[in-house]
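Undergrad: Residue-level listing of the chains:
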Amino acid sequence: MTFINYASREINCKIVYYGPGLCGKTTNIQWIFEQANPEKRGKLVSLATETDRTLFFDFLPLDMGTVKGFKVRFHLYTVPGQVFYDASRKLILRGCDGMIFVADSQRPRMEANIESIANLATNLKENGFDIRTIPYVLQLNKRDMPTAATVDEMERLLRFRNEPMIAAVANQGTGVIETLKACARQILMELQKS
Amino acid sequence: MAKLDLVMFEEEYKLLQEIISRLQADSSSKVVFLVDKNGQQIAAAGDVRSIDATSLASLTAGNVAATDGLAKLIGEKEFTLLFHEGEKDNLHISIVGKRGILVVIFDMNSSLALVRLRVKKASRDLQEIFEKVEQRAQSTAGDSNFESPFSEITDEDIDKLFGD
Numbered sequence: 000m001t002f003i004n005y006a007s008r009e010i011n012c013k014i015v016y017y018g019p020g021l022c023g024k025t026t027n028i029q030w031i032f033e034q035a036n037p038e039k040r041g042k043l044v045s046l047a048t049e050t051d052r053t054l055f056f057d058f059l060p061l062d063m064g065t066v067k068g069f070k071v072r073f074h075l076y077t078v079p080g081q082v083f084y085d086a087s088r089k090l091i092l093r094g095c096d097g098m099i100f101v102a103d104s105q106r107p108r109m110e111a112n113i114e115s116i117a118n119l120a121t122n123l124k125e126n127g128f129d130i131r132t133i134p135y136v137l138q139l140n141k142r143d144m145p146t147a148a149t150v151d152e153m154e155r156l157l158r159f160r161n162e163p164m165i166a167a168v169a170n171q172g173t174g175v176i177e178t179l180k181a182c183a184r185q186i187l188m189e190l191q192k193s
Numbered sequence: 000m001a002k003l004d005l006v007m008f009e010e011e012y013k014l015l016q017e018i019i020s021r022l023q024a025d026s027s028s029k030v031v032f033l034v035d036k037n038g039q040q041i042a043a044a045g046d047v048r049s050i051d052a053t054s055l056a057s058l059t060a061g062n063v064a065a066t067d068g069l070a071k072l073i074g075e076k077e078f079t080l081l082f083h084e085g086e087k088d089n090l091h092i093s094i095v096g097k098r099g100i101l102v103v104i105f106d107m108n109s110s111l112a113l114v115r116l117r118v119k120k121a122s123r124d125l126q127e128i129f130e131k132v133e134q135r136a137q138s139t140a141g142d143s144n145f146e147s148p149f150s151e152i153t154d155e156d157i158d159k160l161f162g163d
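Sequences listed follow chains A and B, in order. Every letter in the first sequence is one number past the one before it in numbering that gives the first Met the number 0, and letter 86, counting from 1, is 85. Every letter in the second sequence is one number past the one before it in numbering that gives the first Met the number 0, and letter 119, counting from 1, is 118.
This is chain A alone, in the form it adopts within the complex (with noise of 0.2 Å):
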């Protein structure tokens, strides 16, 4: 749910990383913090565990300049992987606009990618929307590892509308900022039909 406020000429935006345990959700935030310029990121607030697993949902504010006189303000959620925190993710996709769906490549974790999907659909419906048009990215996270299933294989297993689907390696910046922006991109264009 976007929040547009005519009063200070501000479109807010909220988007979430989902997806299975240790795929990355967090570092696509924090690359994202460590490169944008200091005046134009918030602060990054990580409700983690002592071990650094995501607890609750890390935040990072990013202010993104403008569109017809606008200011641009992205609002970026992760949710916690670990199976057992479902109520937690479930909270999170509330008022959400998009969604980036980050899958972890190793060939082990692919049932988790498609359980997590899974999971994704059924919360998604409980807070009101639909997975099939909710603006949506697909990142294949973890590129770079050496059990990677092919893209092939990924896309075979893990796209089922058409959506953008991009190659990355999250800890070294690859495809972070070409995911944001797919996603960026079709909730700006929803914004145009609304």
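None of these hints come from the bench; they were simulated from the model. Zero decoy hints are in this set.
Straight-line distance between alpha carbons at most 27 Å, and here's what the computed DSSO-like set of lysine-lysine pairs gives:
| # | chain 1 | residue 1 | chain 2 | residue 2 |
| --- | --- | --- | --- | --- |
| 1 | A | 70 | B | 131 |
| 2 | A | 180 | B | 159 |
| 3 | A | 67 | B | 131 |
| 4 | B | 76 | A | 89 |
| 5 | B | 97 | A | 89 |
| 6 | B | 76 | A | 124 |
| 7 | B | 29 | A | 42 |
| 8 | B | 13 | A | 70 |
| 9 | B | 87 | A | 42 |
| 10 | A | 67 | B | 13 |
| 11 | A | 192 | B | 131 |
| 12 | B | 159 | A | 67 |
| 13 | A | 39 | B | 159 |
| 14 | B | 159 | A | 42 |
Covered by chain B, per the in silico footprint, the following chain A stretches (three or more residues, Cβ under 8 Å):
| # | stretch |
| --- | --- |
| 15 | 0-6 |
| 16 | 36-46 |
| 17 | 52-65 |
| 18 | 180-188 |
Predicted model only: the values in this text are computed from it and were never measured. Using N, Cα and C, we set each Cβ at its ideal position, and we do this for glycine too.
Got chain A; can you put chain B on it based on the hints?
TA: Coordinates of chain B only, in the frame set by chain A:
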């Protein structure tokens, strides 16, 4: 989109701002924030520069969402009030209507009783404005004469945001 966007026009925004400024003065509190349930800050009054408002909005919404989840687990619809007591500063969080959260930060210059009393009155006023905002969003959504400034967003505009 699944739900109507929250669209705030100048007129309603001014009214919201007036109400929370009054609340901040009447309750002798330090800062008052009005936040939306999805974690976006709507308006603020008081010494706002002393606080990272964006993080505050997002964490408050997370806090309220988690408490909502707890309420449902024990069979309650929601908990409409959260209170956090600190050594110097206290945080009073309350739900306004369907989508608003009111956050009042106060110290020993005020009291919980005073804050609660003033919040009650302000919440009623805020709720009225929220209803107006919603009505306006619904009527503009169906109004073919209303031209959204975003109807002509181009690929070029989006590329510019990313510095391409």
